[in-house]
Amino acid sequence: MGLNPGYVGHTYPATAVYVVGREKIREFATAIGATEAIHHDPEAAVASGYLDVVAPATFAIALTATAVEQMIADPELGLDFSRVVHGEQKFAYARPIQAGDRLVCEATVTDITERAGNGFLTTTTQIKTELGELVVTATQKLVVRA
Amino acid sequence: MSLEPQTYRITRADLVRYAGASGDFNPIHWSDRVATAVGLPGVIAHGMFTMALAGRAVTAWVSGDPSAITEFTTRFARPIVVPDDDNGAELTVTGVIKPLEGDFAQIDVTAVCAGEKVLAGAKAVVRASALRS
Numbered sequence: 001m002g003l004n005p006g007y008v009g010h011t012y013p014a015t016a017v018y019v020v021g022r023e024k025i026r027e028f029a030t031a032i033g034a035t036e037a038i039h040h041d042p043e044a045a046v047a048s049g050y051l052d053v054v055a056p057a058t059f060a061i062a063l064t065a066t067a068v069e070q071m072i073a074d075p076e077l078g079l080d081f082s083r084v085v086h087g088e089q090k091f092a093y094a095r096p097i098q099a100g101d102r103l104v105c106e107a108t109v110t111d112i113t114e115r116a117g118n119g120f121l122t123t124t125t126q127i128k129t130e131l132g133e134l135v136v137t138a139t140q141k142l143v144v145r146a
Numbered sequence: 001m002s003l004e005p006q007t008y009r010i011t012r013a014d015l016v017r018y019a020g021a022s023g024d025f026n027p028i029h030w031s032d033r034v035a036t037a038v039g040l041p042g043v044i045a046h047g048m049f050t051m052a053l054a055g056r057a058v059t060a061w062v063s064g065d066p067s068a069i070t071e072f073t074t075r076f077a078r079p080i081v082v083p084d085d086d087n088g089a090e091l092t093v094t095g096v097i098k099p100l101e102g103d104f105a106q107i108d109v110t111a112v113c114a115g116e117k118v119l120a121g122a123k124a125v126v127r128a129s130a131l132r133s
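Each protein sequence line maps, in turn, to chains V and Z. In case it helps, my numbering puts the first sequence at residues 1 to 146. In case it helps, my numbering puts the second sequence at residues 1 to 133.
Don't take every hint at face value.
[What the hints assert, rightly or not] Quick list of the computed label-pair ranges, beta carbon to beta carbon:
#1 S63(Z) <-> G6(V): 22 to 30 Å
#2 V17(V) <-> T70(Z): 23 to 31 Å
#3 D85(Z) <-> T113(V): 34 to 42 Å
#4 G39(Z) <-> G21(V): 35 to 43 Å
#5 A37(Z) <-> E69(V): 20 to 28 Å
#6 D74(V) <-> S129(Z): 42 to 50 Å
#7 D74(V) <-> A128(Z): 37 to 45 Å
#8 E76(V) <-> D85(Z): 18 to 26 Å
#9 A128(Z) <-> V17(V): 33 to 41 Å
#10 G39(Z) <-> E114(V): 33 to 41 Å
#11 R95(V) <-> L40(Z): 32 to 40 Å
#12 E27(V) <-> G102(Z): 29 to 37 Å
[As the list claims (entries may be wrong)] Covered stretches of chain V, as calculated for chain Z (at least 3 residues, CB under 8 Å):
#13 25-35
#14 49-56
#15 60-68
#16 76-87
#17 90-100
[Stated by the list, open to error] Cut-off 30 Å, straight-line C-alpha distance, at most; resulting in silico cross-link-like pairs (DSBU-like, lysine-lysine):
#18 K90(V) <-> K128(V)
#19 K24(V) <-> K90(V)
#20 K117(Z) <-> K98(Z)
#21 K141(V) <-> K24(V)
#22 K90(V) <-> K141(V)
#23 K24(V) <-> K123(Z)
#24 K123(Z) <-> K128(V)
#25 K123(Z) <-> K141(V)
#26 K128(V) <-> K24(V)
#27 K117(Z) <-> K141(V)
#28 K90(V) <-> K123(Z)
#29 K141(V) <-> K98(Z)
#30 K24(V) <-> K98(Z)
#31 K98(Z) <-> K123(Z)
#32 K128(V) <-> K141(V)
#33 K98(Z) <-> K90(V)
To be clear, the hints were calculated from the coordinates, so they are not data collected in a lab. Ideal placement from N, C-alpha and C gives every residue a C-beta, glycine not left out.
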């Protein structure tokens, strides 16, 4: 069973609110070796014009993971996650994610193709505040290996 | 114009830490048994960990302010195999600036491990005024 090509254009309901924690940002920054004070020290972040510590650029992937879980749980889409590798990733930022943000993801299936038995699933996820402010648009291409 | 190259070392401990921080617990990033069973040469780094290190380089080039980055994109061309030893793998990230319209510039990012490009088409769009000269 492969990906359902009729699913292009399908939009999933917004995910539950993800509250971005200060310690989660510090943990992520530490894990990638980002030692800049803006990721760790709230006073340094405030001095740079933010409300609290600022997430590194690729932290948004932790948010989109909640949207991917939605897709894995959807039998109509036909995504076999055990055969998935990450093909492409794009982020477009309206602003950096900060501690205290209350964010939801709205994922849309934007393309499904097949080549040489491999499936390609492209999704575009809008990461917004629960009040509707767009923060990051994440576009992801997953490859489902034959 | 070329930017100052950035070098990062990736060990198994880094992959375990990144798994926890990112929530990506796919065993191909920590178990040789599972990685080799699915046809990989051994445990590989998360593609998003490689992108995160490339992001550190871009952030360093824009004076440490993530708000100067408006777009960041890559394809994952080749996995980074991370041996279970103290040296791990070494990633070198280089960047070349191309001016864009207005106060924006594109950085074409190259990430090389063991002589091979591991990212393809990697680029960031940044506010040109943030670039360190």
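Worksheet item: For this structure, which hints from the list above don't hold up?
Response: Hints 1, 8, 10 and 30 not satisfied by this model.
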